[in-house]
Amino acid sequence: MRQKLARLVGGVAIAALALGGTAACKSDSGTDEASGGDGCGSKIAFFGALTGPNAALGINMNGGVKLAVDKYNKENADCQVTLVPLDSQGNPEQAPGLAQQAIDDTKILGIVGPAFSGESEAANPLFSEAELVHITPSATRPSLADQGWKTFFRAVGSDFSQGPAAGRYIKDVLKAEKVFVIDDQSAYGAGLADEVKKVLGAAVVDSDKVQGDGKQNDFSATVTKVKSSGATAIFYGGYYQEAGLIRKQLTAAGVTAVLVAGDGVNDAAYIEGAGAAAAEGTILTCPCQPATEARGSFVDDFKALNGSDPGTYSDTAFDAANILLAGIKAGNTTRTKMLEFVKGYSGEGVAASYKFTETGELDPAQVKVWAYKVVGGKVVPDQEVPKA
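Heads up: the sequence shown runs through residues -23 to -1, 1 to 365, numbered per mature numbering (1 follows the signal peptide of the UniProt record, and there is no 0).
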(Lines of atoms letter the chains of each structure in order from A and count residues from 1; the text may use other names and numbers.)
(Lines give C-alpha, C1' and ligand atoms only; values in the text may rest on other atoms or scores of the structure.)
Protein backbone atom coordinates (compact mmCIF):
# COMPACT_ATOMS: atom_id res chain seq x y z
CA MET A 1 0.00 0.00 0.00
CA ARG A 2 1.14 3.54 -0.61
CA GLN A 3 0.44 6.71 1.36
CA LYS A 4 1.41 10.26 0.46
CA LEU A 5 4.93 9.96 1.91
CA ALA A 6 5.64 6.30 1.33
CA ARG A 7 4.74 3.08 -0.48
CA LEU A 8 4.03 -0.31 0.97
CA VAL A 9 6.20 -2.26 -1.45
CA GLY A 10 4.87 -5.77 -2.08
CA GLY A 11 2.07 -5.15 0.37
CA VAL A 12 4.44 -4.75 3.35
CA ALA A 13 3.81 -1.83 5.67
CA ILE A 14 6.85 0.45 5.39
CA ALA A 15 4.95 3.67 5.94
CA ALA A 16 6.38 7.09 6.77
CA LEU A 17 10.07 6.17 6.64
CA ALA A 18 10.75 9.86 6.24
CA LEU A 19 9.87 10.24 9.90
CA GLY A 20 13.08 8.51 10.87
CA GLY A 21 14.55 5.11 11.61
CA THR A 22 12.90 2.49 13.76
CA ALA A 23 13.15 3.38 17.42
CA ALA A 24 14.04 0.91 20.12
CA CYS A 25 11.09 -0.28 22.21
CA LYS A 26 10.34 1.65 25.34
CA SER A 27 8.77 0.29 28.47
CA ASP A 28 5.08 0.88 29.01
CA SER A 29 4.54 3.89 31.23
CA GLY A 30 0.84 3.14 31.53
CA THR A 31 0.03 6.74 30.62
CA ASP A 32 -0.42 6.34 26.86
CA GLU A 33 -2.77 4.23 24.79
CA ALA A 34 0.27 2.34 23.51
CA SER A 35 3.66 1.66 24.98
CA GLY A 36 5.85 4.71 25.38
CA GLY A 37 4.28 6.57 22.48
CA ASP A 38 6.55 5.00 19.83
CA GLY A 39 4.32 2.14 18.70
CA CYS A 40 6.41 -0.63 20.22
CA GLY A 41 4.14 -3.12 21.93
CA SER A 42 1.05 -1.83 20.15
CA LYS A 43 -1.66 -4.24 19.04
CA ILE A 44 -4.19 -4.62 16.28
CA ALA A 45 -7.07 -7.10 16.42
CA PHE A 46 -8.99 -9.25 13.98
CA PHE A 47 -12.70 -9.41 14.81
CA GLY A 48 -14.65 -12.19 13.09
CA ALA A 49 -15.66 -15.84 13.04
CA LEU A 50 -12.76 -18.21 13.68
CA THR A 51 -14.99 -21.03 14.90
CA GLY A 52 -18.65 -21.84 14.29
CA PRO A 53 -20.73 -22.44 11.15
CA ASN A 54 -19.16 -19.64 9.09
CA ALA A 55 -15.57 -19.90 10.31
CA ALA A 56 -14.04 -20.54 6.88
CA LEU A 57 -14.65 -16.94 5.84
CA GLY A 58 -13.14 -15.56 9.04
CA ILE A 59 -10.13 -17.86 8.79
CA ASN A 60 -9.50 -16.55 5.26
CA MET A 61 -9.39 -13.00 6.58
CA ASN A 62 -7.40 -13.73 9.71
CA GLY A 63 -4.76 -15.37 7.54
CA GLY A 64 -4.35 -12.11 5.65
CA VAL A 65 -4.06 -10.10 8.86
CA LYS A 66 -1.51 -12.60 10.23
CA LEU A 67 0.57 -12.17 7.10
CA ALA A 68 0.53 -8.37 7.37
CA VAL A 69 1.64 -8.46 11.00
CA ASP A 70 4.27 -11.12 10.28
CA LYS A 71 5.76 -9.01 7.49
CA TYR A 72 5.65 -5.86 9.59
CA ASN A 73 7.42 -7.51 12.51
CA LYS A 74 10.16 -8.85 10.25
CA GLU A 75 10.69 -5.31 8.95
CA ASN A 76 10.63 -3.87 12.48
CA ALA A 77 12.32 -6.55 14.54
CA ASP A 78 13.09 -4.23 17.45
CA CYS A 79 9.60 -2.72 17.63
CA GLN A 80 6.94 -5.40 17.37
CA VAL A 81 3.17 -5.26 16.96
CA THR A 82 0.92 -8.01 18.32
CA LEU A 83 -2.16 -9.46 16.64
CA VAL A 84 -5.13 -10.17 18.89
CA PRO A 85 -7.72 -12.63 17.45
CA LEU A 86 -11.28 -11.93 18.60
CA ASP A 87 -13.46 -14.91 17.69
CA SER A 88 -17.05 -13.73 17.29
CA GLN A 89 -18.30 -17.00 15.73
CA GLY A 90 -20.21 -14.59 13.47
CA ASN A 91 -22.75 -14.19 16.27
CA PRO A 92 -24.11 -10.66 16.89
CA GLU A 93 -24.94 -11.62 20.47
CA GLN A 94 -21.26 -12.14 21.24
CA ALA A 95 -20.13 -8.98 19.48
CA PRO A 96 -20.67 -6.37 22.26
CA GLY A 97 -18.66 -8.36 24.79
CA LEU A 98 -15.79 -8.83 22.35
CA ALA A 99 -15.91 -5.16 21.41
CA GLN A 100 -15.64 -4.19 25.07
CA GLN A 101 -12.74 -6.60 25.48
CA ALA A 102 -10.90 -4.83 22.68
CA ILE A 103 -11.77 -1.40 24.04
CA ASP A 104 -10.47 -2.30 27.49
CA ASP A 105 -7.09 -3.34 26.08
CA THR A 106 -5.65 0.13 25.59
CA LYS A 107 -2.75 -1.15 23.48
CA ILE A 108 -5.17 -2.15 20.70
CA LEU A 109 -5.06 0.78 18.27
CA GLY A 110 -7.23 -0.61 15.49
CA ILE A 111 -9.51 -3.45 14.44
CA VAL A 112 -9.68 -5.38 11.18
CA GLY A 113 -13.39 -6.19 11.15
CA PRO A 114 -15.98 -6.88 12.30
CA ALA A 115 -16.20 -9.33 9.45
CA PHE A 116 -20.00 -9.75 9.23
CA SER A 117 -22.76 -7.16 9.06
CA GLY A 118 -24.83 -8.42 12.01
CA GLU A 119 -21.91 -8.36 14.42
CA SER A 120 -20.90 -4.97 13.01
CA GLU A 121 -24.30 -3.52 13.94
CA ALA A 122 -23.82 -4.78 17.49
CA ALA A 123 -20.17 -3.80 18.02
CA ASN A 124 -19.67 -0.63 16.00
CA PRO A 125 -21.51 1.78 18.33
CA LEU A 126 -19.12 0.80 21.13
CA PHE A 127 -16.07 1.26 18.93
CA SER A 128 -17.29 4.69 17.85
CA GLU A 129 -17.77 5.83 21.42
CA ALA A 130 -14.27 4.62 22.33
CA GLU A 131 -12.69 6.15 19.19
CA LEU A 132 -11.29 2.72 18.26
CA VAL A 133 -10.95 2.65 14.48
CA HIS A 134 -12.18 -0.45 12.64
CA ILE A 135 -11.78 -1.32 8.96
CA THR A 136 -14.05 -4.12 7.81
CA PRO A 137 -12.69 -6.15 4.90
CA SER A 138 -16.04 -7.82 4.22
CA ALA A 139 -19.19 -6.50 5.96
CA THR A 140 -21.34 -5.24 3.09
CA ARG A 141 -24.70 -4.10 4.53
CA PRO A 142 -25.13 -0.57 3.15
CA SER A 143 -26.70 0.92 6.29
CA LEU A 144 -23.49 0.37 8.26
CA ALA A 145 -22.20 3.60 6.73
CA ASP A 146 -25.32 5.56 7.67
CA GLN A 147 -25.22 5.34 11.46
CA GLY A 148 -22.84 8.21 12.19
CA TRP A 149 -20.14 5.89 13.55
CA LYS A 150 -17.01 8.02 13.30
CA THR A 151 -14.66 5.02 13.49
CA PHE A 152 -16.24 2.91 10.71
CA PHE A 153 -14.38 2.21 7.45
CA ARG A 154 -15.10 -0.34 4.75
CA ALA A 155 -12.40 -1.76 2.43
CA VAL A 156 -14.87 -3.19 -0.11
CA GLY A 157 -18.04 -2.08 -1.87
CA SER A 158 -21.38 -2.42 -0.10
CA ASP A 159 -24.44 -4.36 -1.19
CA PHE A 160 -25.50 -1.25 -3.09
CA SER A 161 -22.87 -2.44 -5.58
CA GLN A 162 -23.01 -6.21 -5.08
CA GLY A 163 -26.80 -6.65 -5.01
CA PRO A 164 -27.51 -4.80 -8.27
CA ALA A 165 -24.55 -6.55 -9.92
CA ALA A 166 -25.94 -9.95 -8.94
CA GLY A 167 -29.33 -8.90 -10.26
CA ARG A 168 -27.84 -7.76 -13.55
CA TYR A 169 -25.95 -11.02 -13.92
CA ILE A 170 -29.16 -13.01 -13.40
CA LYS A 171 -31.04 -10.84 -15.90
CA ASP A 172 -28.39 -10.16 -18.55
CA VAL A 173 -26.11 -13.22 -18.43
CA LEU A 174 -28.40 -16.00 -17.22
CA LYS A 175 -31.38 -14.29 -18.91
CA ALA A 176 -33.67 -15.77 -16.27
CA GLU A 177 -37.28 -14.66 -16.57
CA LYS A 178 -38.44 -16.42 -13.40
CA VAL A 179 -36.36 -16.02 -10.23
CA PHE A 180 -36.97 -17.31 -6.72
CA VAL A 181 -35.29 -15.31 -3.91
CA ILE A 182 -34.35 -16.79 -0.52
CA ASP A 183 -32.65 -15.10 2.44
CA ASP A 184 -31.51 -16.15 5.91
CA GLN A 185 -33.06 -13.15 7.72
CA SER A 186 -29.62 -11.88 8.78
CA ALA A 187 -28.63 -8.22 8.47
CA TYR A 188 -26.40 -9.21 5.58
CA GLY A 189 -28.53 -11.82 3.81
CA ALA A 190 -31.85 -9.99 3.90
CA GLY A 191 -30.27 -6.71 2.84
CA LEU A 192 -28.49 -8.29 -0.11
CA ALA A 193 -31.63 -10.12 -1.24
CA ASP A 194 -33.61 -6.87 -1.12
CA GLU A 195 -31.12 -5.17 -3.46
CA VAL A 196 -31.33 -8.08 -5.91
CA LYS A 197 -35.13 -7.90 -5.88
CA LYS A 198 -35.04 -4.21 -6.81
CA VAL A 199 -33.14 -4.99 -10.00
CA LEU A 200 -35.16 -8.06 -10.99
CA GLY A 201 -38.58 -6.55 -10.33
CA ALA A 202 -41.39 -8.64 -11.82
CA ALA A 203 -39.00 -11.47 -12.65
CA VAL A 204 -39.13 -12.46 -8.97
CA VAL A 205 -41.95 -15.00 -8.97
CA ASP A 206 -41.75 -15.88 -5.26
CA SER A 207 -39.53 -15.65 -2.20
CA ASP A 208 -38.93 -17.37 1.12
CA LYS A 209 -37.00 -16.95 4.35
CA VAL A 210 -34.92 -19.55 6.19
CA GLN A 211 -32.94 -19.62 9.42
CA GLY A 212 -29.18 -19.10 9.37
CA ASP A 213 -26.38 -19.65 11.91
CA GLY A 214 -26.77 -23.43 11.75
CA LYS A 215 -30.30 -23.31 13.18
CA GLN A 216 -31.97 -25.08 10.24
CA ASN A 217 -30.97 -28.19 8.30
CA ASP A 218 -34.22 -29.24 6.65
CA PHE A 219 -35.20 -26.95 3.77
CA SER A 220 -37.83 -29.21 2.21
CA ALA A 221 -40.59 -26.60 2.50
CA THR A 222 -38.48 -24.06 0.63
CA VAL A 223 -37.48 -26.65 -1.97
CA THR A 224 -41.15 -27.43 -2.61
CA LYS A 225 -41.92 -23.74 -3.14
CA VAL A 226 -39.00 -23.33 -5.53
CA LYS A 227 -40.03 -26.39 -7.52
CA SER A 228 -43.63 -25.25 -7.89
CA SER A 229 -42.59 -21.72 -8.90
CA GLY A 230 -41.01 -22.82 -12.17
CA ALA A 231 -38.00 -20.56 -11.49
CA THR A 232 -34.94 -21.03 -13.68
CA ALA A 233 -32.69 -19.12 -11.29
CA ILE A 234 -32.55 -18.83 -7.52
CA PHE A 235 -30.87 -16.09 -5.53
CA TYR A 236 -29.78 -16.83 -1.97
CA GLY A 237 -28.84 -14.12 0.51
CA GLY A 238 -26.93 -15.68 3.40
CA TYR A 239 -23.88 -17.77 4.23
CA TYR A 240 -22.32 -20.91 2.85
CA GLN A 241 -23.49 -23.49 5.41
CA GLU A 242 -27.20 -23.11 4.64
CA ALA A 243 -26.53 -22.43 0.95
CA GLY A 244 -24.76 -25.78 0.62
CA LEU A 245 -27.62 -27.66 2.22
CA ILE A 246 -30.23 -25.83 0.15
CA ARG A 247 -28.40 -26.58 -3.09
CA LYS A 248 -27.97 -30.23 -2.09
CA GLN A 249 -31.67 -30.63 -1.28
CA LEU A 250 -32.77 -28.76 -4.41
CA THR A 251 -30.71 -31.08 -6.60
CA ALA A 252 -32.02 -34.16 -4.81
CA ALA A 253 -35.55 -32.94 -5.59
CA GLY A 254 -34.74 -32.56 -9.26
CA VAL A 255 -34.51 -28.75 -9.29
CA THR A 256 -31.94 -27.69 -11.88
CA ALA A 257 -32.38 -23.92 -11.56
CA VAL A 258 -29.05 -22.09 -11.27
CA LEU A 259 -28.24 -20.93 -7.74
CA VAL A 260 -26.75 -17.45 -7.46
CA ALA A 261 -25.46 -16.20 -4.10
CA GLY A 262 -23.31 -13.44 -2.64
CA ASP A 263 -19.91 -13.25 -1.02
CA GLY A 264 -21.09 -15.00 2.14
CA VAL A 265 -21.25 -18.20 0.10
CA ASN A 266 -18.06 -17.58 -1.88
CA ASP A 267 -15.93 -20.25 -0.22
CA ALA A 268 -14.88 -23.82 -0.91
CA ALA A 269 -16.86 -24.85 2.18
CA TYR A 270 -20.04 -24.26 0.14
CA ILE A 271 -18.99 -26.97 -2.31
CA GLU A 272 -18.24 -29.35 0.55
CA GLY A 273 -21.71 -28.78 1.96
CA ALA A 274 -23.58 -29.12 -1.31
CA GLY A 275 -21.41 -31.80 -2.86
CA ALA A 276 -19.39 -31.11 -5.99
CA ALA A 277 -22.04 -32.40 -8.40
CA ALA A 278 -24.86 -30.33 -6.92
CA ALA A 279 -22.69 -27.22 -6.58
CA GLU A 280 -21.53 -27.34 -10.21
CA GLY A 281 -22.56 -24.21 -12.11
CA THR A 282 -23.38 -22.11 -9.04
CA ILE A 283 -22.70 -18.40 -9.51
CA LEU A 284 -21.18 -16.49 -6.58
CA THR A 285 -20.70 -12.72 -6.50
CA CYS A 286 -18.24 -10.66 -4.49
CA PRO A 287 -17.23 -7.00 -4.36
CA CYS A 288 -13.67 -8.31 -4.46
CA GLN A 289 -11.19 -9.49 -7.02
CA PRO A 290 -9.98 -13.11 -6.99
CA ALA A 291 -7.55 -13.24 -4.05
CA THR A 292 -5.24 -15.39 -6.15
CA GLU A 293 -4.80 -12.41 -8.49
CA ALA A 294 -3.57 -10.06 -5.76
CA ARG A 295 -0.56 -7.95 -6.56
CA GLY A 296 3.05 -8.68 -5.70
CA SER A 297 4.11 -11.73 -3.72
CA PHE A 298 0.92 -11.88 -1.67
CA VAL A 299 -0.30 -15.28 -2.88
CA ASP A 300 3.02 -17.06 -2.34
CA ASP A 301 3.61 -15.35 0.99
CA PHE A 302 0.12 -16.18 2.23
CA LYS A 303 0.51 -19.84 1.33
CA ALA A 304 3.95 -20.05 2.93
CA LEU A 305 2.66 -18.67 6.23
CA ASN A 306 -0.82 -20.22 6.38
CA GLY A 307 -0.33 -23.47 4.48
CA SER A 308 -3.21 -22.77 2.08
CA ASP A 309 -4.12 -20.49 -0.79
CA PRO A 310 -5.79 -17.18 0.07
CA GLY A 311 -9.58 -17.19 -0.02
CA THR A 312 -12.36 -14.64 -0.20
CA TYR A 313 -11.29 -11.39 1.50
CA SER A 314 -7.83 -12.67 2.50
CA ASP A 315 -6.34 -9.87 0.41
CA THR A 316 -8.64 -7.07 1.59
CA ALA A 317 -8.01 -8.09 5.21
CA PHE A 318 -4.27 -7.96 4.50
CA ASP A 319 -4.70 -4.48 3.06
CA ALA A 320 -6.83 -3.28 5.98
CA ALA A 321 -4.24 -4.53 8.45
CA ASN A 322 -1.47 -2.79 6.53
CA ILE A 323 -3.32 0.53 6.71
CA LEU A 324 -3.37 0.23 10.50
CA LEU A 325 0.27 -0.88 10.60
CA ALA A 326 1.24 2.07 8.42
CA GLY A 327 -0.45 4.30 10.98
CA ILE A 328 1.57 2.77 13.80
CA LYS A 329 4.79 3.06 11.80
CA ALA A 330 4.05 6.73 11.21
CA GLY A 331 3.85 7.33 14.95
CA ASN A 332 0.08 7.32 15.50
CA THR A 333 0.15 5.60 18.87
CA THR A 334 -3.13 6.82 20.31
CA ARG A 335 -6.58 5.85 19.09
CA THR A 336 -7.42 9.45 18.29
CA LYS A 337 -4.33 9.84 16.12
CA MET A 338 -4.96 6.49 14.42
CA LEU A 339 -8.49 7.55 13.57
CA GLU A 340 -7.26 10.74 11.93
CA PHE A 341 -4.60 8.78 10.02
CA VAL A 342 -7.14 6.37 8.53
CA LYS A 343 -9.52 9.20 7.63
CA GLY A 344 -6.80 10.80 5.56
CA TYR A 345 -5.27 7.62 4.16
CA SER A 346 -4.69 7.22 0.44
CA GLY A 347 -2.65 4.35 -0.94
CA GLU A 348 -2.27 1.16 -2.91
CA GLY A 349 -2.83 -2.33 -1.57
CA VAL A 350 -2.55 -5.79 -3.07
CA ALA A 351 -6.31 -5.89 -3.76
CA ALA A 352 -7.23 -2.29 -4.56
CA SER A 353 -6.47 1.38 -4.10
CA TYR A 354 -7.78 2.84 -0.85
CA LYS A 355 -9.28 6.18 -0.02
CA PHE A 356 -12.34 6.61 2.15
CA THR A 357 -15.37 8.90 1.93
CA GLU A 358 -16.66 10.96 4.85
CA THR A 359 -18.92 8.06 5.88
CA GLY A 360 -16.08 5.52 5.76
CA GLU A 361 -17.00 3.96 2.42
CA LEU A 362 -14.37 2.95 -0.10
CA ASP A 363 -13.99 5.49 -2.89
CA PRO A 364 -16.71 4.44 -5.39
CA ALA A 365 -14.22 4.61 -8.26
CA GLN A 366 -12.39 1.65 -6.70
CA VAL A 367 -15.45 -0.58 -6.22
CA LYS A 368 -15.73 -3.58 -8.55
CA VAL A 369 -17.94 -6.66 -8.40
CA TRP A 370 -16.87 -10.06 -9.69
CA ALA A 371 -18.92 -13.11 -10.56
CA TYR A 372 -17.41 -16.50 -9.81
CA LYS A 373 -18.55 -19.93 -10.94
CA VAL A 374 -18.24 -23.40 -9.46
CA VAL A 375 -16.51 -25.51 -12.10
CA GLY A 376 -15.06 -28.96 -11.51
CA GLY A 377 -15.43 -28.70 -7.77
CA LYS A 378 -13.67 -25.33 -7.49
CA VAL A 379 -14.71 -21.68 -7.32
CA VAL A 380 -13.14 -19.93 -10.31
CA PRO A 381 -13.45 -16.35 -11.63
CA ASP A 382 -16.15 -15.96 -14.27
CA GLN A 383 -16.19 -12.24 -15.09
CA GLU A 384 -16.14 -8.75 -13.68
CA VAL A 385 -19.76 -7.57 -13.72
CA PRO A 386 -20.04 -4.30 -15.66
CA LYS A 387 -21.41 -1.30 -13.81
CA ALA A 388 -24.88 -0.19 -14.75
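Hint data in this document are derived by calculation from the structure and do not stem from the laboratory.
Please note that a few of the clues may not be correct.
[Stated by the list, open to error] Straight line, CA to CA, 30 Å or less: simulated DSS-like cross-link-like pairs of lysine-lysine: (1) K155 x K345; (2) K204 x K355; (3) K314 x K355; (4) K84 x K345; (5) K192 x K174; (6) K152 x K345; (7) K192 x K202; (8) K280 x K51.
Checked against the structure, which of the hints given earlier come out wrong?
Hints 3, 4 are the ones this structure does not satisfy, whereas the remaining hints hold.
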